[in-house]
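Protein chains in written order, with numbering that gives the first Met the number 0: chain A, 0 to 268; chain B, 0 to 226.
Calculated directly from the structure, the hints in this document are not laboratory data.
All C-beta atoms, glycine included, are put in the ideal place defined by N, C-alpha and C.
Check before you lean on any hint, since a few could be wrong.
To be verified - If you want the ones that stay clear, here's a sample from chain A, every Cβ over 12 Å from chain B, calculated:
id, residue
1, D25
2, P30
3, W69
4, F102
5, Q112
6, T147
7, P155
8, F161
9, R174
10, R179
11, F183
12, A221
13, T251
14, T252
Unchecked claim - Between beta-carbon pairs, the in silico distance windows are:
id, chain 1, residue 1, chain 2, residue 2, range
15, A, G212, B, F150, 20 to 30 Å
16, A, W236, B, L32, 15 to 25 Å
17, B, I153, A, V225, 17 to 27 Å
As the list claims (entries may be wrong) - Cβ-to-Cβ under 8 Å is the rule here; a few derived chain B residues that face chain A:
id, residue
18, F42
19, S185
20, P188
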Amino acid sequence: MARLMTNLYDVSKCTACRGCLNACKDSNQLPAVIEPFKGNYDTHGGDTNGNTFTVIRFNEHDDPVDGVRWNFLKYQCMHCVDPECMKVCPKGAYTKLEWGATFHDEAKCIGCQYCTYACPFGIPKYRKHTDTVTKCTLCYERVGEGLTPACTRTCPSGALTFGFRDELLAVAEARAKYLRANGFPRATVYGKVELGSGTNKIYVLTDTPDKFGLPVDPKVSANTWVWQDWVQPYAGWLIPIALAGSAISFVTTRLLASKGGDHAEGGHE
Amino acid sequence: MKWIPEYRDDVPRVERFNAVARITHWGHTVTFLLCLFTGLALFLGGVDWLAAIFGGYRGAGLVHRIAAVGMTLMLVFGTVFGFTGLIAWIKDLLRFGMNDIKFLCIFPFEFLGFPVKVPPQTRFNGGEKGNSMVTPTMVILLVLSGYIMWFPSIFPAGLVRFSYPVHDLAMIFSTVMVCMHGYLGSFHPGSGESFWGMWKGTVRADWAQHHHAIWYDETYGDKSKAE
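Work the whole structure out from these sequences, hints included.
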């Protein structure tokens with residue numbers, strides 16, 4: 000496997016300018032989505048949608064000790080190392096690129112939205128006018144040309160960086176250590192071990208993940224793995240067994256009837 | 000070799016299913032099979048030829064939804080216009096007794112064609128009672144989980160996630176029952192006569208007396224005349 004390339008997002012450097020959101024829209028040629036004002040700074044209701052691959056979330060957290068903290072969070076596809084969307088997709092529209100991006104091929108997508116509900120982060124979103132699901136591509140075409148993703152390129156404060164995952168993890172750990180010593184005792188790295196094998200987006204958080212609206216321990220729903228690991232591969236075999244049983248009976252009833260009188264007659268006798 | 004028992008109008012026949020029951024039954028047959036084959040295109044994976052029959056995956060999805068609405072309408076139709084029949088059906092299912100348990104124990108031999116002595120049965124025998132309980136329950140589950148998956152945004156995400164395995168399992172159990180039911184209700188020499196009960200509405204009186212003695216006696220036999 001090639002060396003994984005990933006995005007590091009350092010919350011402590013983010014100013015929530017939303018330049019990444021605009022650069023993403025620009026690069027992916029996505030139209031603006033106008034949504035009603037909901038009484039806070041969140042655009043797009045604080046969640047991705049079919050025409051918005053990344054958003055900045057504004058989490059207000061009232062800490063009993065530190066007072067009100069305004070926690071910004073860039074939210075987009077986490078490009079899980081072992082992505083669940085890829086497992087549930089019945090059309091094989093998802094592939095894992097060699098360098099780590101979880102790529103969704105819209106041409107293969109039929110808009111069933113299995114991935115939307117399997118994703119532990121609820122990222123892939125249905126887009127009505129194309130009848131497909133869409134999500135962040137980690138700018139695979141830009142990365143393929145040796146460039147960095149659009150969001151990373153535009154980030155003015157240096158909160159976003161792009162590079163090799165192992166190197167960025169070391170940077171992230173060092174940064175979290177620095178933050179813990181300098182006023183953020185609960186600073187942590189997110190994405191290293193989450194979901195077992197980690198994600199291909201690394202976050203440096205100034206507080207625990209729940210203060211940013213992230214799942215502390217993201218999990219694949221039991222419904223999803225029962226469905227994928229048991230029902231899909233095994234339970235369906237009951238149907239050919241039933242058909243085979245009928246076929247055997249079709250033969251044996253006729254063989255036995257030819258020996259022992261006409262079973263088909265109403266009375267049997 | 001005979002495929003299904005011959006329809007005989009020269010022997011006494013008795014009514015088994017009225018028009019509403021038959022329309023509901025065949026309405027479900029058509030919509031169920033359409034839903035099954037369009038759904039299998041997605042369930043099996045890699046069967047592009049199956050999807051191609053319906054005009055590709057999007058076409059199959061459209062047929063699946065139209066047939067699903069048809070299936071829902073058949074449920075409503077059967078419940079509204081065949082309400083008394085539905086109640087009678089449920090009442091018969093609640094008569095599940097020792098004769099049904101005995102039936103189920105010796106049924107494998109009957110299924111393969113060995114001559115066996117079956118205890119007297121009510122309108123629906125032990126196997127039919129099982130099918131009558133499992134298949135409609137599964138169809139109701141299919142319909143409910145199907146609409147949840149069709150309009151996921153108006154339901155809680157946890158319920159949508161739960162609907163996927165439910166829809167698949169209900170499909171599998173109902174299809175297993177439909178395979179057995181379709182075979183027993185047509186090509187099986189012993190019970191094939193019941194095909195005419197669902198197609199033309201009547202079965203041979205001697206067949207009914209032999210296979211559903213309790214029902215026959217209560218409906219057409221001495222007991223019904225005595226009342």
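Taking the hints in turn, this is what the structure says about them:
1. At roughly 28 Å, the least C-beta separation between D25(A) and chain B is larger than 12 Å, which holds for a residue marked as non-interface.
2. Every Cβ of chain B is farther than 12 Å from the Cβ of P30(A); the closest lies at roughly 20 Å, confirming the non-interface assignment.
3. Distance to chain B confirms W69(A) as a non-interface residue, since its nearest Cβ pair spans about 27 Å, more than 12 Å.
4. For F102(A), the shortest C-beta to C-beta distance to chain B comes to about 19 Å, beyond the 12 Å cut-off, and the non-interface label holds.
5. For Q112(A), the condition that its CB be more than 12 Å from all CB atoms of chain B is violated, with the nearest at approximately 6 Å.
6. Once the 12 Å rule is applied to beta carbons, T147(A) is consistent with being away from chain B; the minimum gap is 33 Å.
7. At roughly 35 Å from the closest C-beta of chain B, the C-beta of P155(A) stays outside 12 Å, upholding its exclusion from the interface.
8. Every CB of chain B is more than 12 Å from the CB of F161(A) (nearest about 31 Å), matching its label as outside the interface.
9. Against chain B, the non-interface label of R174(A) holds: every CB pair exceeds 12 Å, the least being about 33 Å.
10. Every CB of chain B lies more than 12 Å from the CB of R179(A), the least distance being 34 Å, so the non-interface label holds.
11. With a closest Cβ-Cβ approach of about 32 Å to chain B, F183(A) is found to remain outside the 12 Å limit, as its non-interface label requires.
12. At roughly 9 Å, the least C-beta separation between A221(A) and chain B is not larger than 12 Å, which violates its mark as non-interface.
13. Separation of T251(A) from chain B is inadequate, the least Cβ-Cβ distance of about 5 Å not exceeding the 12 Å criterion.
14. Not every beta carbon of chain B lies more than 12 Å from that of T252(A), the smallest distance being close to 3 Å; the non-interface claim is violated.
15. The hinted window of 20 to 30 Å between G212(A) and F150(B) holds, with their beta carbons roughly 26 Å apart.
16. Taking the beta carbon of each, W236(A) and L32(B) are about 20 Å apart, inside 15 to 25 Å as hinted.
17. Against the hinted window of 17 to 27 Å, the Cβ-Cβ separation of I153(B) and V225(A) comes to about 24 Å, which satisfies the hint.
18. Here the hint on F42(B) is kept, as its CB sits about 7 Å from the closest CB of chain A, short of 8 Å.
19. Proximity of S185(B) to chain A is violated relative to the hint, the smallest CB-CB distance being about 10 Å (cut-off 8 Å).
20. About 4 Å separates the beta-carbon of P188(B) from the nearest beta-carbon of chain A, less than 8 Å, and the hint is met.
The structure shown violates the earlier hints numbered 5, 12, 13, 14, 19.
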